[in-house]
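Each chain, letter by letter, is given below.
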Amino acid sequence: EDKVVQSPLSLVVHEGDTVTLNCSYEVTNFRSLLWYKQEKKAPTFLFMLTSSGIEKKSGRLSSILDKKELSSILNITATQTGDSAIYLCAVDQAGTALIFGKGTTLSVSS
Amino acid sequence: NAGVTQTPKFQVLKTGQSMTLQCAQDMNHNSMYWYRQDPGMGLRLIYYSASEGTTDKGEVPNGYNVSRLNKREFSLRLESAAPSQTSVYFCASSSNPGGNTEAFFGQGTRLTVV
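Residue numbers (this note's numbering), protein chains in the order written: chain A, 1 to 110; chain B, 1001 to 1114.
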């Protein structure tokens, strides 16, 4: 059965901390791995990863894919309260749809 | 640019009632999806439509039907609502199924079945 597993499921940190969120997958016909951030409403796109070992960065966020280990990490440095959200990992299967993990709920306290 | 538009935003139904959730996208995307989100469960795929005229079941299709009315619109119908269908429903679209493109989401419909 295809699955995407995220860890930890929840995390509480202080402002300024660095966090690493994990995503592992077992799917057929892997095309890409995507990260989304969800605050109050709809998920918003962060990164799409297709190649192993190539880091994608956007400000304090970065992500990398390891196809050998079937996993990805999302790093957030110098966390801010505005980073509090659910972070969703999804795998894009060729010919079907995105399969999502259960998400990691990040809470950043000031 | 509206992107993906869902209606209604909120709905309360009594057990056994029926309703249709509407979704439309203006990005000329081929693929559209319906997900439900429950606390601690992430997003679970109900149905998807890889292209106009086709629909396929996802992980949790029971109790739902869909219609891909045209390229823009993809509706989700609950024929006889049950309390277990209380959830937040998201419609999404992408240019191709598994086409290495991101999916764009609507703002969600919060459905409560009493």
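Hints listed in this document are in silico derivations from the structure and should not be mistaken for laboratory results.
One or more of the hints may lead you astray.
What the hints assert, rightly or not - Pulled from the structure, derived: some chain B residues nowhere near chain A, Cβ distances all over 12 Å:
| hint | residue |
| --- | --- |
| 1 | VAL1004 |
| 2 | MET1032 |
| 3 | SER1049 |
| 4 | TYR1064 |
| 5 | SER1075 |
| 6 | VAL1088 |
| 7 | SER1094 |
What the hints assert, rightly or not - Think about it this way: if two alpha-carbon atoms lie no more than 25 Å apart in a straight line, the pair counts; the simulated BS3-like pairs of lysine-lysine are:
| hint | chain 1 | residue 1 | chain 2 | residue 2 |
| --- | --- | --- | --- | --- |
| 8 | B | LYS1009 | A | LYS3 |
| 9 | B | LYS1071 | B | LYS1014 |
| 10 | A | LYS41 | B | LYS1009 |
| 11 | A | LYS37 | A | LYS102 |
| 12 | A | LYS68 | A | LYS57 |
| 13 | A | LYS102 | A | LYS56 |
| 14 | A | LYS57 | A | LYS67 |
| 15 | B | LYS1009 | A | LYS40 |
| 16 | A | LYS102 | A | LYS41 |
| 17 | B | LYS1009 | A | LYS37 |
| 18 | A | LYS41 | A | LYS68 |
| 19 | B | LYS1071 | B | LYS1057 |
| 20 | A | LYS102 | B | LYS1071 |
| 21 | A | LYS68 | A | LYS3 |
| 22 | A | LYS68 | A | LYS40 |
| 23 | B | LYS1071 | A | LYS3 |
Said to hold, decoys possible - Incomplete in silico selection of chain A near chain B, CB under 10 Å:
| hint | residue |
| --- | --- |
| 24 | LEU9 |
| 25 | SER32 |
| 26 | TYR36 |
| 27 | PRO43 |
| 28 | THR44 |
| 29 | PHE45 |
| 30 | LEU88 |
| 31 | ALA97 |
| 32 | PHE100 |
We treat Cβ as the ideally placed atom computed from N, Cα and C, and that holds for glycine.
Okay, the hints, checked on the actual structure:
In this structure VAL1004/B is not separated from chain A by more than 12 Å, as the shortest Cβ-Cβ distance comes to only about 8 Å. Residue-level check failed: MET1032/B sits 10 Å from the nearest beta carbon of chain A, not beyond 12 Å. With 12 Å as the threshold on Cβ separation, the claim that SER1049/B sits away from chain A is violated: the shortest Cβ distance comes to roughly 9 Å. Interface exclusion of TYR1064/B from chain A stands, the closest Cβ pair being 15 Å apart, more than 12 Å.
At roughly 17 Å from the closest C-beta of chain A, the C-beta of SER1075/B stays outside 12 Å, upholding its exclusion from the interface. With a least beta-carbon separation of about 9 Å from chain A, VAL1088/B fails to lie farther than 12 Å from that chain, contradicting its non-interface assignment. Distance check for SER1094/B against chain A: the nearest CB is about 8 Å away, which does not clear 12 Å, and the non-interface claim fails. Straight-line distance between C-alpha atoms of LYS1009/B and LYS3/A comes to about 30 Å, which puts the hinted pair past the 25 Å bound.
At roughly 32 Å between alpha-carbon atoms, LYS1071/B and LYS1014/B are farther apart than 25 Å, so this suggested pair is violated. With a C-alpha separation of about 11 Å, the suggested pair LYS41/A and LYS1009/B falls inside the 25 Å cut-off, and the hint holds. Under the criterion of a C-alpha separation no larger than 25 Å, the hint pairing LYS37/A with LYS102/A is consistent with the structure, at around 13 Å. Under the criterion of a C-alpha separation no larger than 25 Å, the hint pairing LYS68/A with LYS57/A is consistent with the structure, at around 21 Å.
Restraint check for LYS102/A and LYS56/A: the C-alpha separation of about 22 Å stays at or below 25 Å, so the hint holds. For the hint linking LYS57/A to LYS67/A, the alpha-carbon distance of about 18 Å falls within 25 Å, and the restraint holds. Between the alpha carbons of LYS1009/B and LYS40/A the distance comes to roughly 13 Å, so the proposed pair stays at or under 25 Å and holds. Taking the CA atoms of LYS102/A and LYS41/A, the gap is about 16 Å. The hint holds against a cut of 25 Å.
Restraint check for LYS1009/B and LYS37/A: the C-alpha separation of about 20 Å stays at or below 25 Å, so the hint holds. With a CA separation close to 34 Å, the supplied pair LYS41/A and LYS68/A exceeds the 25 Å bound. Pair hint LYS1071/B plus LYS1057/B holds up; C-alpha atoms about 18 Å apart against a cutoff of 25 Å. At roughly 30 Å between alpha-carbon atoms, LYS102/A and LYS1071/B are farther apart than 25 Å, so this suggested pair is violated.
For the suggested pair LYS68/A and LYS3/A, the alpha carbons sit about 16 Å apart, so the restraint of at most 25 Å is met. Between LYS68/A and LYS40/A, the direct Cα distance comes to roughly 34 Å. Violation of the 25 Å bound is thereby established for this hinted pair. As the CA atoms of LYS1071/B and LYS3/A are separated by approximately 29 Å, the hinted pair breaks the 25 Å bound. Look at LEU9/A: its Cβ gets to within about 7 Å of chain B, closer than 10 Å, so that hint holds up.
This hint holds: SER32/A has a C-beta 5 Å from the nearest C-beta of chain B, less than the 10 Å allowed. Checking TYR36/A against chain B by beta carbon gives a least distance of about 8 Å; that is within 10 Å, so the hint holds. Annotation: PRO43/A was flagged as interfacial toward chain B, and the flag holds, the nearest CB pair being 5 Å apart, inside 10 Å. A cut of 10 Å between beta carbons decides the hint on THR44/A: the least distance to chain B is about 8 Å, and the hint holds.
Among the interface hints, the one on PHE45/A holds; its C-beta lies about 4 Å from the nearest C-beta in chain B, closer than the 10 Å criterion. Here the hint on LEU88/A is kept, as its CB sits about 6 Å from the closest CB of chain B, short of 10 Å. At about 4 Å, the closest approach between the beta carbon of ALA97/A and any beta carbon in chain B falls short of 10 Å, and the interface hint on this residue holds. Against a cut-off of 10 Å between C-beta atoms, the interface hint on PHE100/A holds, since the closest Cβ of chain B lies about 4 Å away.
Violation of the numbered hints given earlier is confined to hints 1, 2, 3, 6, 7, 8, 9, 18, 20, 22 and 23; the remaining hints are satisfied by the structure.
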